[in-house]
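A.B. asks: Here is what each chain is made of, one letter per residue.
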Amino acid sequence: MEFRGFERPNNLVGVRNTVLVMAVCDCGEPAARQMAGGIEGAVPVTQYHGCIAMETVPTLVGVAKNPNVAGTLLVAMGCEGLQPEPLGEEIAKAGKPVEVVNIQGVGSTRRAIAQGNRMVRDMADKAKKQQRKPCDLSRLVVGVKCGGSDTTSGIAANPAIGIMSDMLIDTGASVVMIEPIEAIGAEETLAARAVNEAAKQQILRWIGDEEKRWTVPGASVDFMCAGNIQGGLTTLEEKSLGAVHKSGHRAIKGVLRNREDDLETVPPGGGLYLQEGIHVELHAMTSMAAAGVHIIVFATGTGGSFGHAICPLVKVTGNPETWARMSEDMDVNASTIMEGKDSIESVGKRIFDEVVAVASGKLTTGEQLGFYNFAVWKRDPRLEALLGLR
Amino acid sequence: MKKAIRMDEKDNVATALVGLAAGDEVEVISSNREIIQRVTARDALPLGHKIALTNLPEGAVVTKYGAAIGKASKDISVGDYVHIHNVRSDRLPLTEHMLGLKYPGREKG
Numbered sequence: 001m002e003f004r005g006f007e008r009p010n011n012l013v014g015v016r017n018t019v020l021v022m023a024v025c026d027c028g029e030p031a032a033r034q035m036a037g038g039i040e041g042a043v044p045v046t047q048y049h050g051c052i053a054m055e056t057v058p059t060l061v062g063v064a065k066n067p068n069v070a071g072t073l074l075v076a077m078g079c080e081g082l083q084p085e086p087l088g089e090e091i092a093k094a095g096k097p098v099e100v101v102n103i104q105g106v107g108s109t110r111r112a113i114a115q116g117n118r119m120v121r122d123m124a125d126k127a128k129k130q131q132r133k134p135c136d137l138s139r140l141v142v143g144v145k146c147g148g149s150d151t152t153s154g155i156a157a158n159p160a161i162g163i164m165s166d167m168l169i170d171t172g173a174s175v176v177m178i179e180p181i182e183a184i185g186a187e188e189t190l191a192a193r194a195v196n197e198a199a200k201q202q203i204l205r206w207i208g209d210e211e212k213r214w215t216v217p218g219a220s221v222d223f224m225c226a227g228n229i230q231g232g233l234t235t236l237e238e239k240s241l242g243a244v245h246k247s248g249h250r251a252i253k254g255v256l257r258n259r260e261d262d263l264e265t266v267p268p269g270g271g272l273y274l275q276e277g278i279h280v281e282l283h284a285m286t287s288m289a290a291a292g293v294h295i296i297v298f299a300t301g302t303g304g305s306f307g308h309a310i311c312p313l314v315k316v317t318g319n320p321e322t323w324a325r326m327s328e329d330m331d332v333n334a335s336t337i338m339e340g341k342d343s344i345e346s347v348g349k350r351i352f353d354e355v356v357a358v359a360s361g362k363l364t365t366g367e368q369l370g371f372y373n374f375a376v377w378k379r380d381p382r383l384e385a386l387l388g389l390r
Numbered sequence: 001m002k003k004a005i006r007m008d009e010k011d012n013v014a015t016a017l018v019g020l021a022a023g024d025e026v027e028v029i030s031s032n033r034e035i036i037q038r039v040t041a042r043d044a045l046p047l048g049h050k051i052a053l054t055n056l057p058e059g060a061v062v063t064k065y066g067a068a069i070g071k072a073s074k075d076i077s078v079g080d081y082v083h084i085h086n087v088r089s090d091r092l093p094l095t096e097h098m099l100g101l102k103y104p105g106r107e108k109g
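So the sequence lines, in the order shown, correspond to chains A and B.
Going by our numbering, the residue at position 188 of the first sequence is 188; the numbering climbs one at a time, nothing skipped.
Going by our numbering, the residue at position 45 of the second sequence is 45; the numbering climbs one at a time, nothing skipped.
Keep in mind that the hints were calculated from the coordinates and are not lab data.
A few of these clues could be false.
To be verified - The calculated SDA-like cross-link candidates involving lysine to any residue, where the alpha carbons are at most 20 Å apart (straight line), are: (1) K10/B - K349/A; (2) K341/A - R38/B; (3) K212/A - S343/A; (4) K3/B - A22/B; (5) K349/A - E34/B; (6) K10/B - K378/A; (7) K10/B - A44/B; (8) K378/A - E188/A; (9) K3/B - E345/A; (10) K2/B - V18/B.
Said to hold, decoys possible - Example chain B residues on the side facing chain A (calculated, C-beta under 7 Å, incomplete): (11) G23; (12) R33; (13) G48; (14) I69; (15) K71; (16) H85; (17) V87; (18) L101; (19) G105.
Positions of the beta carbon are idealized from the N, C-alpha and C atoms, including for glycine.
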């Protein structure tokens, strides 16, 4: 099977042709926003952790290298600890255009904005000349994520997404699942799917380390809440099995490192990978984007109207009321499973078809609204050191 | 007929796709939408909650998604409502507070 994507250097392929206007920290964000203003395909982003948040560097580099990005303009105030030049050198290894605007260096914010605006327009004009070409589906990398989960998520949306994951992997494509907190209680099932002993140890550590982070004495988190029980979830095992169901049933090849000094991208060759990181929606999506994910399939019970700066989001709801209320914000209706009208398999196939269409350029509901949310997760190296997880 | 879904062929519970009343005849379907069996609900239970497909003596493994989700903490019969009042986790015991929660179908505790 094929989709129509944009060829990039280093034998990569993208599903979008975005010009990224990245303020290296929040000081330069308003200027970056104006530099991108009014230019089709230009998306402004930043990380909101301040100008010495070196832990965010691998993520910032990773998203700029993502093949959905055609080129990157880095915007700096000039006095950041997180300097744009070394960032630019790393990003340039992807063989795509990278430019830097330094506001203090230019000496006038207005002139810097005008200069940045010209650079973005230039990059966007060049990107626009690129045509989509047929690409084998095996080159596609899809992330799976859930949020705003309710009773229907574990019955309809997540299992249907799991069918899609299996179908993608069977065509040679890659699938990534993050959110280790959701896997606490599903250790045995996931470990049994490890492709080898090394992958099994990675999976057990991925879950075990996350449990330690959320059970620090005095700052512990309840993994089961009243809403879970009222929704019908009886045990943590059941809750977690429902959540990880979106990864399907295929073998797990390993866990991708996502650390302050080391972010592993999805290796070529297809298959299912887990990724280190947090479960919080946008942070998790950015981590997946930094690992090279093209499209994210998002299961939601309550609905939600956001997009992501790098990865188009295919939103799937299993809740008939949410579908009735918010269908214009949803991409695939899985609620027919709850109504007994559709099988999980048939909805899984529909999600697969939607992902292939989006890979070829179909706009998602979030993109139609022009929503390009972005947030960067910052691991706390002090917590990792205190817990002995380094 | 009201439906419940069995997520995996190894499962001994099904999840109600609509709220059930005691005495309801329930059609249990697979993820492929094939009819697998019929059970009579012995209790009322809400959408998303579970009904037993087999008798589960105390200590028996309760299976959903093809994997263990806990063990029966008392004898369970076909058609019984399956939830925290008769299943316990092997992974994380519920706190007294959680066990005392009122939930739809168990308002009386």
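A.B. asks: If you check each hint against the structure, which ones fail?
C.D. replies: 1, 3, 6, 7, 8, 11, 15, 16 and 19
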